[in-house]
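Trainee: Sequence:
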Amino acid sequence: MQQYLASELGLKDRSPGQIVNVYRPPTEVFDPVSLASYDNKDVTIDHPDDLVNAQTFKQVTAGHAISPGRQDVDDPDYVVVDLLIKDQYAIDAINQNKEELSAGYTSEYRYAPGIAPCGTAYEFIQCTITINHIALCDQARAGQVGSAITIDKV
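Counting in the working numbering, the sequence shown runs from 378 upward without gaps.
By construction, these hints were calculated from the structure, which means they are not laboratory data. Mixed in with the good hints, there may be bad ones.
Result set (DSSO-like, lysine-lysine): computed pairs, CA atoms no more than 30 Å apart in a straight line [said to hold, decoys possible]:
#1 K463 <-> K475
#2 K389 <-> K435
#3 K463 <-> K435
Have a look at the derived ranges for each label pair, beta carbon to beta carbon [as the list claims (entries may be wrong)]:
#4 D416 <-> D390: 34 to 44 Å
#5 T404 <-> V450: 37 to 47 Å
#6 T433 <-> Q380: 20 to 30 Å
#7 Q516 <-> A383: 32 to 42 Å
#8 C495 <-> A383: 15 to 25 Å
Glycine included, C-beta positions come from ideal geometry on N, C-alpha and C.
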């Protein structure tokens with residue numbers, strides 16, 4: 378379950394700042410096609426204003442994913458992906474505790490009100506998740522996941 382602003386979902390029938398509950402079923406989050414879409418995606422410092430593309434990657438990229446995503450064996454609600462960070466500013470930010478990760482993606486939102494397994498009501502189901510970038514953030518939407526980044530020094 379994640380919360381989005383109505384404006385993030387393009388909803389025009391309510392205030393842009395209204396919170397909307399969106400259910401992200403495990404079958405969608407851990408769909409093999411979605412997990413494969415992490416591989417070689419750009420790593421950014423915070424989310425860029427738009428999706429990363431051929432015109433913007435030089436300005437926003439600090440590294441890239443070096444693996445597809447996979448379900449975390451220790452905390453199966455989360456996705457793990459290996460990253461290669463080459464930008465010194467990003468390395469310094471990580472060393473100063475900018476350690477949360479947030480996937481930037483495209484997806485479809487199906488209006489299908491219901492109750493998630495956790496007991497929370499939702500309006501939309503998120504599906505067809507395709508990763509565009511992975512952002513290093515101070516505070517990611519999914520919340521803190523312990524030590525999201527492990528740094529191997531070479």
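Trainee: Does each hint hold? Answer for all of them.
Mentor: How the hints compare with the structure:
1. K463 <-> K475: holds (15 Å)
2. K389 <-> K435: Given pair K389, K435 is violated - Cα atoms ~34 Å apart, limit 30 Å.
3. K463 <-> K435: Satisfied, since the Cα-Cα distance of roughly 13 Å is no more than 30 Å.
4. D416 <-> D390: 34 to 44 Å: With Cβ atoms ~37 Å apart, the hint holds.
5. T404 <-> V450: 37 to 47 Å: Given a distance of about 18 Å, which is not inside 37 to 47 Å, the answer is violated.
6. T433 <-> Q380: 20 to 30 Å: Given about 27 Å between the Cβ atoms, the range holds.
7. Q516 <-> A383: 32 to 42 Å: violated (20 Å)
8. C495 <-> A383: 15 to 25 Å: Roughly 22 Å apart at Cβ, these two residues keep to the hinted range, so it holds.
Violated hints, in rising order: 2, 5, 7; the structure is consistent with all others.
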